Each structure stands twice: as structure tokens, then as C-alpha cells.
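For this one, chain L is given, so just place chain R on it according to the hints.
Number of protein chains: 2
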Amino acid sequence: MISSILLALIAILVAAKLGGALAERLGQPAVLGELLAGIAMGALPIAGVHQLEFVAHDRTVEALAQLGVILLLFEVGLSTRLADLLEVGLSAFLVATIGVIVPMILGWLAGRWLLPGAHPFVPLFLGATLCATSVGITARVLKDMNRVGTAEGQIILGAAVIDDVMGLLVLAVIVGMAGGGESTGAHIGLVTAKAVGFLAGALVLGRWLAPRLFRVASRLRGRGVVLTSALVTCFALAWTAELAGLAPIVGAFAAGLVLEGVSFSELLPEGDSIEHLLLPLSAVLVPIFFVHMGLLVNLGALAGGSIALAAALTVAAIVGKQACGLAVVTRGADRLAVGLGMIPRGEVGLIFANLGLGLTVHGERIMDQGTFSAVVLMVMATTLVAPPALKWSIGRGRRAAVQDA
Amino acid sequence: MISSILLALIAILVAAKLGGALAERLGQPAVLGELLAGIAMGALPIAGVHQLEFVAHDRTVEALAQLGVILLLFEVGLSTRLADLLEVGLSAFLVATIGVIVPMILGWLAGRWLLPGAHPFVPLFLGATLCATSVGITARVLKDMNRVGTAEGQIILGAAVIDDVMGLLVLAVIVGMAGGGESTGAHIGLVTAKAVGFLAGALVLGRWLAPRLFRVASRLRGRGVVLTSALVTCFALAWTAELAGLAPIVGAFAAGLVLEGVSFSELLPEGDSIEHLLLPLSAVLVPIFFVHMGLLVNLGALAGGSIALAAALTVAAIVGKQACGLAVVTRGADRLAVGLGMIPRGEVGLIFANLGLGLTVHGERIMDQGTFSAVVLMVMATTLVAPPALKWSIGRGRRAAVQDA
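These protein sequence lines map, in sequence, to chains L and R. Heads up, the first sequence is in my numbering, so the first residue is 1 and it goes up one at a time. Heads up, the second sequence is in my numbering, so the first residue is 1001 and it goes up one at a time.
Treat the hints as calculated values from the structure; they're not laboratory data. Values in this document were obtained by computation on a predicted structure and should not be read as measured data. Even for Gly, the Cβ is constructed at its ideal location relative to N, Cα and C. Careful, some of the hints might be misleading.
[Said to hold, decoys possible] Which residues of chain L face chain R? A few of them, derived with a C-beta cut under 8 Å, are: (1) I10; (2) T80; (3) L82; (4) L278; (5) L281.
This is chain L alone, in the form it adopts within the complex (with noise of 0.2 Å):
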């Protein structure tokens, strides 16, 4: 059994670094190398090649692909202040509200002008699944850019945790009208409570409890304990985050808040830092996640999908959350890195979408594999555009910067 994990990782960070490698050359962020590559390892089996065909759906890929974002968060949330993410709360909550509104009005407005015949559902469905920002993408190449701590990467971090509980309301209220709806409103209420009962918890608990269980962990000898305390506190609200239906990238964020206030310098010897001690780790296993992610794209189930819903929703997708950008009241932030930041899409749109493939009305889907593949197109689209563009406005940013000075 370990032979096919170990092939399957050789092949992954082969890929990863390849095709990273390549993308920098091209000035291109490494994150949209490592996605190309995963596609392109996806589409093997297409020119015959079959011995990595596991690796997309093999579960420990997965699940070292899903600590791969787990980890990234938890050090984009260690390099950040929760006063500078407050400072910013304003903009990132109308950022967030205007980027799930705009889009879904837009995804509703696409899918009632292609598919005239479909039921009322289906336009609703497609507007939902334009709603939630995949941080993920936004997260990478504002790291590595060194950007998390400016006021864009604030709002885009902090528009992100509330765009995830906003994304459950909206499952909430789909679901509901979906079920029948009897008791959407005390649903609603739940999923709410937990969720934000969840981020109060995590910051305040959190951030008293910390010190003082790194303080007793620390009295353990042995090799690594600060880490491994670190990393336990991320697993543990990465978890807790899950219980609570919120994504575990959320928690792993939250724990990188929390231990802000860990004084690791008395903790750790002169010159090493947790950020430090995490790189390694990171190194591995967050470019495992974005080959992982591309290996998911399945060019050939998309060969039905509607090329004009496609790019349609792609459209609205894109034009929807550059309406966040007016939404920016911080003074000095660059706007159109903000909605830039906010356009890929990941595994919320296409929870939405499964959940309307599976929706039946009299027994008969309302929904086509045609409309879904529409769906995952636009996934892709969003993206694959994301890191170049971003990268771009952010250079230009600072381009004009260094013209002002």
C-alpha cells in the first residue's frame, strides 16, 4: 500500500515544483504552475498514460491535500493582527455581503437568460454557486508576495471568514427551499449561532487560553513540542470549525490569530520562529493541495458542458466581485486588488451545484450534467485567472507606489 502513496507523492511534487518553477519564469505566480500541472497529470490518462489515474482519488492524497490548506491558512493567519483585521472589519463585511449579492443576482440573471426552459430552481442554484470566494488561490500568491499584512490582504482575509458563513446561510435558505422549507427560519438561526458562536469562541477562548497551554507545554522536554503544540491547535480548531459547518480552513486561520498572542521568542531558541519551523511542512504539503486541485479537473466530463453558460457565468463571476472593490471604505487600499482577490471559486460552488444536480421536483432532475459541467468551467476559469491578475495589480500598485515617492 505505502508503494502507491509513495509514487503518487513523487509524481505530485515532480509536478509541483516543475511546474512552479515554470510559471515563475514566465512571471507567472508558482500557484498557477502547480494547478497547470495537476490538470495536465489529470489529463494523462487521455493520452493513454494510466499509472497515475489513482492519485486524484486516492483518500490519503486528499487528505495530505487538505492539511497542505490547512496549513496555509494557519500561517497566513499567524502573519496577521486581529486589530489590523478589525481595523479593516467595515470593509471586509460590506466587501463580503456586496460580493455574495452582486453575484448571485448576476449567476441568476445568466441562468434565466440561457436556460429560459429550466425550472425557477435552476437560476437560483447557478447565483449561489457564484457566492463563495475560495481563499485558498488569494491566500498563496498574497503570501507569496509577501502582501498578508497590507490593508487589501485584511479585507480579502477577513471578507473571506465572513463570505464562509455567509455561504452557510445561503445553503441554509437553499436547502430549505428546497426541503419544503417548514423550519428554514429556526435552521437558519442554528447555523448562524454556531458558526459565529464558533469565531467568538476560538478569538476569545482562544487567545486567553494559548498562552498559558503553551506555557505547560513548553515544561515537556523533548524534540519539537512547541511545533507540535502549534500544529495541535490548529488541527483542533480546524476540527472544531468543521463541527461548527464552517470550513476547517477558517479554524486553521482562527488558530493562527490565537497564537499571535504566544510569545514564541521565550519559547523557541534565538533566531527560530514558528513561521520558521512551519516552512518545511508547508513546503510539501500546500503545493500537493493546488496539484490535487487540478488533478480534480476532469477535462473530459467537461466536453458536455454549455460553453455560453460557461462563459457567462464566468463573466458574472468576475464582474461580480469587482463590485466589492466600491465597497472599500479603508482609506489607501487598492480596490481592484480587493475584488481581484475575491474571484476564485472552489468546492462551495460546486457543493452548490451537486446539491442542484441531485434535486428532483416530480421525480424528474430539473438540472443537467450540462449546466454542471457550465458550472465547473467556470470553477476552472475563476481560477486560473486569479493568480496572474492579481500578481499584475499588485505589482501595479506598487509600481505607482515607487512613481510617488
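Positioned in the frame of chain L, the structure of chain R alone reads:
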């Protein structure tokens, strides 16, 4: 799905650090505490706690544990010089040979004595379960005590590699005997050729190829290229070793030896080393292996084991490997430490016992569950006795050296 992995990792990491710290406080090696923490976690269902029962058999946890021991032997290989290993080559070969023959005879005698009515194959199988040393435990103790580079350390590691090849031969003979044995001779030849071919190929070709590959890889830009290249080398040789019929850890150890020829000081920033980059990865993954090893001990299943047989096998296992010490011809090497370091038995012994369990003559099973449990008890006892014994013996050697000076 990710939530169960997160829960498993939290439980394992907390258990490992608590167990390891407690053992160290009592003057014992951390690995003993990790093993006992795993056994305790595995016994939770007896106390009515079932929430963590899935951890022992979760495939992802198992894969992470395997990656942990692969990484451990890779690290040990990195701190081994091939020249030093070849220098103690004769001692290592004699130690491995005596360490296979004497325990096999003692195990066979124990079977003949305590299971007088059993099929003649049964004592043979019992003897075979005592052959192969499980080097993970010893490697960990040597590494934690900074003794990998000593003559004892090198002899044990060299013997463990040869031991693995000999274990393959014993397996080939036994399977041949059980299966009828017409083509045993050719089969043994093939098995030997594959194993020796892998080792020679890896060391000769690998040491020529590795510096060249690393020079090419270092031209790729991007984070973590050197670490990733080192891991890919390790995984590739572990994978190839398994293809050649050897244990993946033998391949990982060979990968460490191969990378000795690469001058990382040119490839890494000042003050960084590949060992240093691997530390955070191994600090997390290596304890997972040892806790998982403890977890697999099913105390409930041991109830039916014959205590007399288990005790006799354990004595045979320990005494048999002490004979190894006498075969050490290298001057200045501590013979007792070598003998104690060869004590732990592990998965190879269990594989043989399992083969015996599945063996039928005229449709009847010739080995019962009680005999199998006795083997499991022997594996447990040798695993638990080795770390404190080895630590004591190394400490004794050091004290004697101080008194001489």
C-alpha cells in the same frame, strides 16, 4: 472526512508528546513513552471509550506512520558515511548472519519443546519469526542519543540492511517449502539478485546521479526546491526498494547514503542544512509511526496467547541476538550494545507468523491463534525492552570511557 484525520492527528500528537516527555522524565528513551502511549490509546475501548477506535486502522494514519519511519531511516542514512559503513562491513555481515541463524535455531527448539504435538512446520515458522530485526526502534534510540556515527551504530545499521535481505531469503525458502518447493532454487536466486541488485544499483548509480540531479534541480527557482528534491530521492528509492522486494525503509536509508555525495552547502542558504530542514517534518511524522505501532497492539487479542510459549520465544529472541555481539570483529565496538540493538522484532516477524497462520495441510490449519498471539507478545516484549536496555548500555559505555580518561 478530513475531520476524522484531524481528530486522529490531534490524539496521536498529544499522546506522543505526553508519553515521550514522561518517559524522558523517568530517564527512558522518548520512543518507549510513544509506544506505551499508543498501547494505552489502543486499550481505550476496554475502558468503554470508542471515539478513537478508528485511528488504528485508518489508512491515512497508517500512510503517515509509514512516511514517518521512512523519513527516520532517511535521516539516519544522511548521518551515515558509506565509507564508515563499509569499514564495519565484515562485522555487520557476521552480526546479521549469526543474528538470523541462532534465533532461528532457538525458536525452533522452543516450538519443539512447548508444542510437541504440532506439525513440523510450526517450529520452523516460529524460528523464522525471530530472524529479522526491526531497525526503526534502534535507529530512533541511536539518533536521539547521537550515536548513529559510532562503530556500534554503523554495525547495527549495516547488519539491519543485510538482515532484511536474509529475511527475504528465509521467506523465499519457507514459502517454497510450504508451496511444494519445485522452483525454490530459482526463486531464491531471483530474490537475491533483485535485492542485491537494488542495493548495488542505488549506491553506485545513485551516488553518481544525485549530485548531477541536484545541480539541475537547484536551477529551478521557488521555495523548498532542495527539500523537495531530497524527499523525492528518498521516496523514489523507498519505492524502488519495495519493487525489489525489500522494505521501503532500506531504500530510504540508501537514499540517505546516496545524498552524502551532494554538497548541500552550495545549494542552501548559509547555516541551513538538509537535516535541519527535515527536522520539523520528522518531529511530526516519526512519533506518528511509534504511537501507531503501539496502537496496533490489541491487548484483547492477546488473552488467548500461551504465556509459556511467549516467554520462551522472547528469551530465544533476546538471547539469540546477544550471540550477534560475539561476531563483532571491529575493534573498540561495544559488543553488548550491538546485541541489544538487534533485539527489536517487528512487522517482518508478524508477516511470517501470519503466513504460518494461513498455512493448511490437508485442509486443516496447522497453527492456531494462540500461537500467533504468542508471537505478537514476543514482538511487543522485544520492542519495549530494547530502548531502555540500549540506552543503559550506551550510557554504561560512556561512563567507562570517562573513567578510563
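Comparing the hints with the structure gives:
1. With a least beta-carbon distance of about 5 Å to chain R, the hint placing L:I10 at the interface is held under the 8 Å criterion.
2. Because the beta carbon of L:T80 sits about 20 Å from the nearest beta carbon in chain R, more than 8 Å, this interface hint is broken.
3. At about 23 Å, the closest approach between the beta carbon of L:L82 and any beta carbon in chain R exceeds 8 Å, and the interface hint on this residue is violated.
4. Given hint, L:L278 at the interface with chain R, holds; its Cβ is 7 Å from that chain's nearest Cβ, closer than 8 Å.
5. Contact between L:L281 and chain R, as hinted, is supported at the beta carbon level, the nearest pair being about 5 Å apart and thus within 8 Å.
The structure fails hints 2, 3 (numbered hints given earlier, in ascending order).
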